[in-house]
Structure formats: C-alpha cells, structure tokens
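K.L.:
With chain A's structure known, arrange chains B, C and D on it following the hints.
4 protein chains.
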Amino acid sequence: MIFFRNDYGEGCIEPILKLLQEKNEEKNPGYGTDDYCARAAELIQSKLPDTKADIHFIASGTLTNVVMIRHVLRPHEVVIAADTAHIATHEGGAIEASGHKIITMPASSGKLSAMSLRKAIHNLVSDASSYLVPKLVYISNATELGTVYTRTELEELSAICKENDMYLMIDGARMAQALMSGIDYTLNDIAKWADLFWIGGTKNGALFGEAVVITNDALKPYFRMIQKQSGAILAKGWLLGLQFMGLFENDDFYKYAKYANDLASIIQNEAIRLGYPLFMRTTTNQLFLVLDQTQYDYLKDKVDFEIWTNWDENIVIRLVTSWNTSKTDVSTLCQYMQLAMDLSKKNEESPQDEEETDE
Amino acid sequence: MIFFRNDYGEGCIEPILKLLQEKNEEKNPGYGTDDYCARAAELIQSKLPDTKADIHFIASGTLTNVVMIRHVLRPHEVVIAADTAHIATHEGGAIEASGHKIITMPASSGKLSAMSLRKAIHNLVSDASSYLVPKLVYISNATELGTVYTRTELEELSAICKENDMYLMIDGARMAQALMSGIDYTLNDIAKWADLFWIGGTKNGALFGEAVVITNDALKPYFRMIQKQSGAILAKGWLLGLQFMGLFENDDFYKYAKYANDLASIIQNEAIRLGYPLFMRTTTNQLFLVLDQTQYDYLKDKVDFEIWTNWDENIVIRLVTSWNTSKTDVSTLCQYMQLAMDLSKKNEESPQDEEETDE
Amino acid sequence: MIFFRNDYGEGCIEPILKLLQEKNEEKNPGYGTDDYCARAAELIQSKLPDTKADIHFIASGTLTNVVMIRHVLRPHEVVIAADTAHIATHEGGAIEASGHKIITMPASSGKLSAMSLRKAIHNLVSDASSYLVPKLVYISNATELGTVYTRTELEELSAICKENDMYLMIDGARMAQALMSGIDYTLNDIAKWADLFWIGGTKNGALFGEAVVITNDALKPYFRMIQKQSGAILAKGWLLGLQFMGLFENDDFYKYAKYANDLASIIQNEAIRLGYPLFMRTTTNQLFLVLDQTQYDYLKDKVDFEIWTNWDENIVIRLVTSWNTSKTDVSTLCQYMQLAMDLSKKNEESPQDEEETDE
Amino acid sequence: MIFFRNDYGEGCIEPILKLLQEKNEEKNPGYGTDDYCARAAELIQSKLPDTKADIHFIASGTLTNVVMIRHVLRPHEVVIAADTAHIATHEGGAIEASGHKIITMPASSGKLSAMSLRKAIHNLVSDASSYLVPKLVYISNATELGTVYTRTELEELSAICKENDMYLMIDGARMAQALMSGIDYTLNDIAKWADLFWIGGTKNGALFGEAVVITNDALKPYFRMIQKQSGAILAKGWLLGLQFMGLFENDDFYKYAKYANDLASIIQNEAIRLGYPLFMRTTTNQLFLVLDQTQYDYLKDKVDFEIWTNWDENIVIRLVTSWNTSKTDVSTLCQYMQLAMDLSKKNEESPQDEEETDE
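Chains as they are written, first to last, in my numbering: chain A, 2 to 360; chain B, 2 to 360; chain C, 2 to 360; chain D, 2 to 360.
Treat each hint with caution, since some may be false.
As the list makes no split between identical chains, a pair holds if one copy fits it or if it spans any two.
Here are the simulated BS3-like pairs of lysine-lysine, each with C-alpha atoms no more than 27 Å apart in a straight line [unchecked claim]:
| id | residue 1 | residue 2 |
| --- | --- | --- |
| 1 | LYS53 | LYS303 |
| 2 | LYS24 | LYS346 |
| 3 | LYS221 | LYS136 |
| 4 | LYS28 | LYS256 |
| 5 | LYS328 | LYS24 |
| 6 | LYS24 | LYS303 |
| 7 | LYS53 | LYS163 |
| 8 | LYS259 | LYS28 |
| 9 | LYS24 | LYS256 |
In case anyone wonders, no lab produced these hints; they're calculated from the structure.
Isolated chain A, as found in the complex:
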C-alpha cells in the first residue's frame, strides 16, 4: 500500500528531530516560559513586520480552536463559519460544549463568501428575537477542501468584520500549504487581515503543535489563562518552541509545504489528463477525485486513502501529500490511476462481461 491518507501520519522533519535529540537533557522552565518558545515567537514575529503580535503554542488543532474561540467570545456572541468548517463538522461539538453557537452558511468550495457572511450578519442583526450578536468569523486557509482564499476574498472578509465590529479568525492548520499555493499574499498580509489566527505545525512536519498569533490588541490580555483553563498549556512547553524553531529557522515551514503542494499538483494534473472528474479543484496538498466503482475497487487495496463522500453511484476519495511523501510513491500512484482508468473504460465498452463477472 502506498500512503496518501493524510498529512499527519508521519513523524517530523529532520531539523526538528535533531533539535529534540540535542536538547533532550537540557533543563528548562515549564509551561512555555522557556527560551525556545521565546525564540520561536521571535522567528514568527519576523515574518509579520507590519504587526506586533502575541504568540502562544498549543499541542493540537481542535484544542487550539476551542481556546481561541472561548477566549474571544462572550456568551451571547456567535461565530459565523462555512458549513464545511472544521469547527462545525469534525470537532465533536467542542465549540458548543464551551457554550457558543456556530452559525453555518453553505459553502460548496469550502470558502465562506462575502455575500454569505453579510447575509448571516444581517439575519442576526435584523432579528431582535435572535438575542445574539455576530462577533467572530472563522475561516480555514487552506480550507478543509484544499482550496485557498484569494487576496480579494480575504480583504473583503476582513473589511466586513471591521465594518461590523467583528473579529476575523483564521484556522491555519494548513496555512503553509495555502501560502505556497501560488497566491499573492504572505503571512504578513494574513496578520493584517486577521485579528487572530494560528499556524499549523502538526500537518506540516512537526510532531505536534500549533502557533497562535494574536494581532488585535484588544484580544491579547488573559489568553494564557483561558489556555490553562482549557488544559492547553503543556508542562514541557519548550517542546513546542523547539519545533517551531525547527520549522522557521531556515524556512523549512515554507519549503516542505511547497514540496507537498508540488507533488499534489502532479497527481491532480495527471488525474485531469486521464479524465478523472475532480470533486474539487485544489491548489494545495489535498486532492479530491471522483471514482467509479471499478476504479475504486482497483485502487482501494493498493492505495491508502480516505473516502470523502458518496456521490450518486460514484465515490469521492481524498488523497493527501505531505513533507514526507516520496516521488516514487507519486509515480506509482499515477500508474495505478492510469490502470484503474483503463479497466473502467474496458468495462464500459463491454458491460455484459462485467455483469457476467458479477455472477
């Protein structure tokens, strides 16, 4: 089996592994008050020359979303998100469990549109009986569907938030992949558009860990208290600092994301060439192919992937590349895709044969 199941199935990039070994017996103060966290924060800050940020580290993504949203919202304030948003679909009700309603809007491409956002705000504000205040917009970039917001889209969402006294939060579980997808903005722009966001380590070569970046001064105080209360301060916090040092010291954060994106692009282009319909056209390290039953049956024992959804009689699968995906595996995958397509075409041409086979 070749592995294209996800980007959190392997350990960490070499520079991080090396740091962990080298510093293993050092003695550090606890709870993220160490020099490595300070250094990692400094490295991230250096990518945001136009903003002064508070930076914190948390072990995992759902926990990061919970802490940030608990920190920002008062009880009567809601978060608006795409209906495909991670917080709305894959976090086991964690946001509601911390007391907050999520207003979801349809988002076929994974992106919350400006129009949807305006409508969601209007619905709440114009209805006195809602007794709710729209206060936070949550988007993921790259999205859960592998797509990436354009500069214009982000500028518009940011402007709507400012107009409406709301905050913009970006879940950056795959921020590196978004930034390396060929778009015309940088982390420095993100920091200006968003009031707070996070930069994912887990899905881009760290063992674990995400970096929270708070740029809006109003949101800076007391974050660590909410973090502690959510069980989100690691005793050996320097492990998170070390890892983000490893990611940012030589821009490996960017290089590895580009590497993963490039491999995904090769696969996607080949899929198009072969005639596979795409469930979603993406520019990052996640791909979504539509398979017929024959293709699926052929590929499922050779490639480790995730079924995304069923689509009429077809099956949508997700393929994911990572910092550690080998070029050989990509070639092999492309060959399998070719063979699966051939088989499918052959079956179509002689459906009787297929039926006979079934008997």
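P.N.:
Leaving out everything else, chains B, C and D in the frame of chain A:
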C-alpha cells in the same frame, strides 16, 4: 545553578528518544487508532491481571483531569477532593469551566482522609437544599505534597465510594513514584480500588503524555467522544503509544521512578541529619524544606528550586528529582545544604554581626 | 388598534385569577412541595391513564427547554430539530450555552419529517469523525408555524427514536391548541409517544408556567436537581400548581384552546374567501397571511400584529388569537381585511391613481 | 400550627393583587417591553438620584444570580463570596454549572469581611499558578443569616473592589429588610457602592420577581441577551413591572419590610428575656434560636419553622416573619416560647423524672 525545580524540565528517557527516531518516517493511522497505542495499552493491561481496562492516551495532565471528570459527572453531580488537590488549586478553574463544582476538604498532608470524605458526603446528602449529588472522589497518588496513600487508606476510600454509589478517580501524574515509594501495593491493586485513574508519563520520563485507565464498565462507553470534544485526541496519537511502549516495555517506568525517589531520599535524609525542619516528610521525588532567611539567601543563587510558601519568617522550598537528575548534582546540593546550615548557625551565634552586615 | 399580536399579551383566565385571590394569604411550603402542585400533577396524570409520569412545573418556556435538554443529554449527545424550532431560532443560543449542539434539518412546514430525522441520524452515525451521538429529537406541537403533527407522523417519529435508542421530546408551548385542532389523538397518546414533553400554560390562559411531563422511567431521577441548578425552581412554587389546577380542574385548558382555534379558523377562512394567499395553512391559533404593500399599509395602523418575514415584495404577517380574543375584534378584523383587499384591487386596476396618491 | 417557616410561603400584598386583577385583560407587548416595566424602572430609579441605572426584571432569585454572574464574568474571572453565601450553598452548583469558580472565605456572621476579601484577592494575585483573576465580589444584604452590613463595611468592600479593578454585586433578596433594619444608608447609597445589585420582590410581598439594577456603565450593554440565553425573560414580562409598581408606588416595599422586621424584633427580644441563646443576633426578619431537646420537642408540633443546624446536643431553628405575619401569631409564639422554657427548666431541676419518662 543545579536544577531541582521540577520533574518536567527535561526531555525523555533514552528508549523513548530511540523509538521516536526509528519510527519517524513510518506511516500511521491517526487519532490513536494505530498499533503502537494498541501495544502500549496491552503492556499496561498486563500490569493489571485482575481487571479488564479500557486505556486511552492524552497529551497532558490538566486536560486529562478535565476529560475524565467531564466524562464521569452529570451536571448535578460533584467531585470531592482535598483542598490541596491539583484540580482545586492549579488548573485555572478548569473543572468549574466544564460545569462542575468541586467540594474541597482540609487535607494538611495532601491526602483526603476517610473521615473527611464521609463528612463531605454527609453534608451534601443530609441537606436537601444542596440539590447536589456526591458522585466522584478525586485523589492524587503520589499527592501534590509528595506523600503516598497507604494500602489501608486506599481500601477505605474505595469502600466508602462503593457504599455511596460513587466513583474513585486517581490522578497519577506521579503514580510511578508512588508505586516505587516502598508501599505494599501495585498497579494491579490500584486498578481494583479505583474506577478510573491515570498514569503519568510527563513527570516520569516521557516527552509528554498520560495514560487513562478505566476499569469500571459503566464508565467505558463514549470516552473517546468526550475526549475529542475536549480537544484531547492528538492527530499523531501514535506518538503517545510509542512513549508508553518505551516506558513499559522494559519496566523503565518503574526503574526511573525508583531512581528519582532514591535520590530524593538521600537529600531528605541529609536535610534531617543537618537539622533542617521538613514542611512535609515525603517518600517520593518531591521534598519540602523549611529555610531561614540566611539559608535561603545562600541557596537561591546556587540551586534552581521553587518557593512553595512562606511560613512565619521562614521559607518553604520544594526540591524535585527526576529520571535525569545526576548523582553529582545531588552531592553538590548536599554540600550547599551543609554550608547554608553552617552559615545560619554562625549568624545565630553572633546576631550582632549579622545586623552589622545588614547595615 | 385591535390586538392580534400574540397569545401572551394578556393576564389569565378567570378561574386562575380567582384561585390566586382566594389562596393569597394561605401559608405554603416552598419550592413546589405544596399540595397545589401535587393536585395539579394529579389532574394532569388523570389525562394520561396509560402512563405513569413525573410532573414538574417551571415558570417559562425557554427555561423549560433548557432544563429538559440539560437533563437528558450527556455532553457528546446532540438534539435533532427542525430548522424552524424554537430552540434553534428564538432562544438566544440557550441550548448551546448549556453545552449542547443542535442539528437542524430543513422543515418548511415547521414539522420535522421522518425522512429528515432518519437522514440526520444517518449522517452522524455513519461518520466516525463526527464523535457525536444522536440522542434526542425535539419537536414542537403545535409547531412554531401553527401546524400540527398528524397521528401517523408522531407514531413514526416515536418509532424512529425507539429504533435508535433516542428520546422524543415535545415542546408543548401550544399543546392545547394542537390537541384542539381536530386531530385524532389525545394527551394520553402524546404521553405514550414522547419520553418527555411539556404542556404550556403561558400561551393558553395562565399568567405564567409550564408543566413538564416525564414518562420514560430512565429520565425521571434527578430532574429537580437540574431544575434547581438552572434557576428554574420558583420559591413560591404553589403559584404554578394553582394555575395548572385552574387550567385542568374543569378542562378549561381544552375549552379556551378550542375557543382561540375557532376564532383563528374564522379569520383564516375569511382570508381565503377574500383571496389572500396563506404563507402557511394552519389549524391552530396562529395565522400567516401574505399582504401586498397596499394591504399592509392599510392594516398596520388598525391591527396590532407581528411581521413574520418579507417575501419578495410582499409581507408575511402573523395573526394570533387567544383565550381572551373578543368575537367583536374578530369581526372588525374581517372587515378590515375586506377593505384592505378592495383597496388593493382598486390600486391594481388603476395603478396611475396609486402613484398619484403617493405624491 | 403557626407559620414562621419562611417569607415566601404566602401570596402578595394587597396593592399588587389589585393591580393584577385590574390589568388582567389589558393587552401588552411581551418580554418586558411594556409600559409597566418602564414605570417600575422609573420608580426604582427615583430612589437612586445620584446614579443612572439600567433596570431589568427576572422571575426568581437563583436565576437572577446566575444571569448577573454570567453577564459579568469572563471564563478566567472568579467571584469571591462568604462561605455562607447563597450562591455557594443553596443554588445547586448553578454558578459552577455556568462555568465560574467561586472562591469562598469563612464568614461566621454571614458577612464577608474586608480582611477576608483582601486575603482572597492576595491569594489569587500572588500565585501565578492560579491562572485566575478576581473580578467580582458577591455579598448578600441582608445576609443569609439575617445580619446587615454597616455603612463602613460596605464602603470598605466597595473601595477594595475599585482598588483592584473588581465589581461589587449585592444579592438583595432581602434588601428591603436590610434597609429597614435601622442602618444609616439608603438604596441611593447602595447604588453608589455596588456596580450591580438586585432588589428582591419574592421575599417582600410580591408573588414573584426581582429587580436587577446595573449602575456601572461598563456592565450595561447586552444584559438582556444574557438574560434571554439563561431563560430569564418572561413572556408576560409586564407581570413583573406591575408587581414592582405595586411595591414602590406608595413605598409599600419599605413599609412591609419594616413591619416584618418589627415583629421579628419583638420575638427576638422576648427570646433574650426568656434566656434562649441566640445562634446569631439579627436585625431583620430572620431569627436563629438555640433550643434544647425539651424545647424543641415542645415547639415542633405547634410552630412551623426550619431546623437550621445541629449544635452539639442542641438544635438551631430559624424563625421568619413576613409582610403577612399576624401579631396574634407573634403573641402565641411568645407564649409557646415561655412554656417551652418553663418545661426545660423543670426538666433540668428534676432530671430523674426526665430519665424515667424516657424509659
């Protein structure tokens, strides 16, 4: 500075570091559904021959307490704990934030006594206007003050819980140290007395990670859902499995705890010999010495420790040993303690001199 | 202005007012432990011969929903409801504030269909990454749109709940109006289909107060504790008992609901006769008419009603009758509706005139 | 049985009952947006000439405390209270259920002392590992033990709050009784000292209802949203307005509280004259007598009271007067107290007789 500040200031034991390197590029399924978690659970289960347990892994301690207590308690049910309990003092209101009241009882030695527990239960049950049901007892073993429950004490607490249809939960952040403190019970006994407990990795040689053990069948279902909802399932869950394999495969879990306890014992005995009052007599890897101002002033720049509390005009400090504390550092510490005591005695004999020095 | 704004704009029916006066100086035990609550419970129980219920009283509707849902659900369990459900639209995020996610399904007539329910359950159960368990179905009967579930619909929803180990809860803010709408089932049937439900007093002639009926034995224990914790036990609880005695002692509960329904029916029939489109055809005391701008302008200063929504260039208004609506007001309303329709037709015939009028 | 069990066992004062009758068939807008609520707020505001307040009405006391504390506190902020505080002892964990930790301090007389408050603040602020911010002080006036804060005490608590950027909240379930207890301050002073407080109707002659007064501008916005989300906005909100009109239109609020206090004072003085020990010397409508077994046995079938606590071999009972307590009942109670004391003295003189009786 020699380091006796805590037992979570260093990386991990050699076998774990080696596993992390060896397995770094392997491809694993996510969220703890991998073979290493299964193997680690098997190893822990093998220590509990008389019980059939469900075993889960969580990255850090406060989060583990939150998940377990959220899992066990319905809204009207309370947890009873010592007033020194970690959940009552050092978790930033995390238990209350998840909706649950903690009833604390005075516990000068860090241990919840059977009498205190009976009293707390009686207070709630006999007062119809409390509208609360005592349902969970939380204890730490070893306690936050380095002490360890005796077999009789645990048997009695366990019996009271059973009598009152309550659950006994043990926070085992330093379970290894408790088990290696010379007591006459094992993890197998713990599993019979407690309905659920956790085994700390973070403070005994893992990079991070705690193992949750649920022995009461009524508490087994749905734990993973509560875990997910609390942001407590790690994407790269196999990292936790690997570490607990490292701790239990060759009983390093026990060996390293014994090592730390032994060093602490050397220091404590020397402190007694030198005439230092103990704030608490302990049998694990935490020590609490009472220093006068002279001793404190002398030691504070040579030894990295934590101030526990002030006691009249004296200062109580905590010293902690770990799997990685060197014997040389222990010797050096003992010498410093000797010199600090000499200095203090000299000052007492010639208080005028001291006062002059102060001018 | 004639009043058709809502059914909670007036005091209480005569028998209740009389009881409040007569018993005013009596001395009662507090918190609903009095004889009147017992008697009221007995009267309600007498309507449910096939079921043995626990019955409690709470001052208001949103609070009742919060207490019941907090009581039933553990943190990982969700409630499924129509997207028009009161808990999803008009309770200010109260359910989420108590930690629970609501899964809403489209319901154009205000009714959750069996198909929608099956789909919602399937979505959660078939997706391992949801980490959520469907446990409760919430419906309102009569619905927020004035419609009423049929016997078959309720039987099917009830059966689906049983199949899936779920509970069925009915918000009966307008239960009396549903039962008096010409359907072929009674409160006794409701008690067999639902695991728990409530009977609204506020919107059917009480000053305030709703009766919670729990028929599923598994849900009976500890309700009062959750009620207290939610601030939902009234010190002078006997006031609630008295009012439900007033409602049920001589079946005024049913009589007044029938009275309100009948008046609403007169208005709705007249609206149909006059050619008003209905936004929703109802059989209870709420009506929804579609007005054009001319009709709206004419009626808005003569009739006190609520704007429900805008519909293209038209306006949907809600008219509500109550136990205290006078037949005279109904006649007057019908005349106004006639005149508004005439005006509208005249405008249509001579649009120029209209424009001139506008100048 | 003569009734001295509580002050919420009877209906309402005559002026309120009359208003309810007179206005019963009027048509009012819902949810407290009516003229009566406005008028009641105006009347209360007129008692606070030096302050501009926001005023809201809620049906019951525990719910009022929950809404106010949820409104004020962010998750990392705690409320400090006496260990006898209603929120800490008689609300079924409602504050914790809404996510907030209560720090309680010992308070033998029911009053939180300035020293205790300073200590509680110091404990949190000086301990970096608490991760909690003291933000709110909760006191009850009159207290749960019938005592009343002095002007100096309130000024000092208020000053400490201001010094520490904290808010002072007063639970005024028995505010009227406190103000009529012979102290040298008024509601106008309360409004200057407290940032928010409530005025109890339920325990001083209303059927139900408490008035929330918010004087600190920072706490005014969004209160109604938190109120709605907590299920604390009554559909027929004008009922609350009417009742507070009834209480304040002719100062009946004050007159009835004075009446109840005066009767309590007669009883307390008689108890002292007869030689009964007082558990607590009070100046409001609650009294706490210490009875021996003989006295208790004699009184328990003649007087309806509450057992407060056991005290060695004695029993502490609570007696409560209300707006509706009759002077005849007070006389009868005093006679019973005399007879109980005689009986007790006789038994003491001839203990053998008593013992024989026991056989």
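K.L.:
With identical chains treated as interchangeable, where does the CA-CA distance between LYS53 and LYS303 reach 27 Å or less: within a copy, between copies, both, or neither?
P.N.:
neither (49 Å within a copy, 37 Å between copies)
K.L.:
Are the CA atoms of LYS24 and LYS303 at most 27 Å apart within a copy, between copies, both, or neither?
P.N.:
Between copies, since 22 Å is at most 27 Å while 40 Å is not.
K.L.:
Between copies, within a copy, both or neither: which fits LYS24 and LYS256 at Cα up to 27 Å?
P.N.:
both (24 Å within a copy, 23 Å between copies)
K.L.:
As a check of your reading, is LYS24 near LYS346 (CA-CA no more than 27 Å) within one copy, between copies, both or neither?
P.N.:
So LYS24 and LYS346 fail the 27 Å test inside a copy (56 Å) and across (41 Å) alike.
K.L.:
Is it within, between, both, or neither for LYS328 and LYS24, if the alpha carbons may be no more than 27 Å apart?
P.N.:
Between. Shortest inter-copy distance 20 Å satisfies the 27 Å Cα cut-off; intra-copy 32 Å does not.
K.L.:
My question is about LYS53 and LYS163: at a cut-off of 27 Å on alpha-carbon distance, are they close within one copy, between copies, both, or neither?
P.N.:
Within one copy only: 18 Å inside, 31 Å across.
K.L.:
Up to 27 Å between alpha-carbons, please classify LYS221 paired with LYS136: within, between, both or neither.
P.N.:
The answer is both: 16 Å in one copy and 18 Å across copies each meet 27 Å.
K.L.:
Within a copy, between copies, both or neither: where do LYS28 and LYS256 come within 27 Å Cα-Cα?
P.N.:
between (31 Å within a copy, 21 Å between copies)
K.L.:
Reference check for the pair LYS259 and LYS28, CA-CA at most 27 Å: within, between, both, or neither?
P.N.:
Close across copies (20 Å), not inside one copy (35 Å); limit 27 Å.
When each numbered hint is compared with the structure, violations occur for hints 1 and 2.
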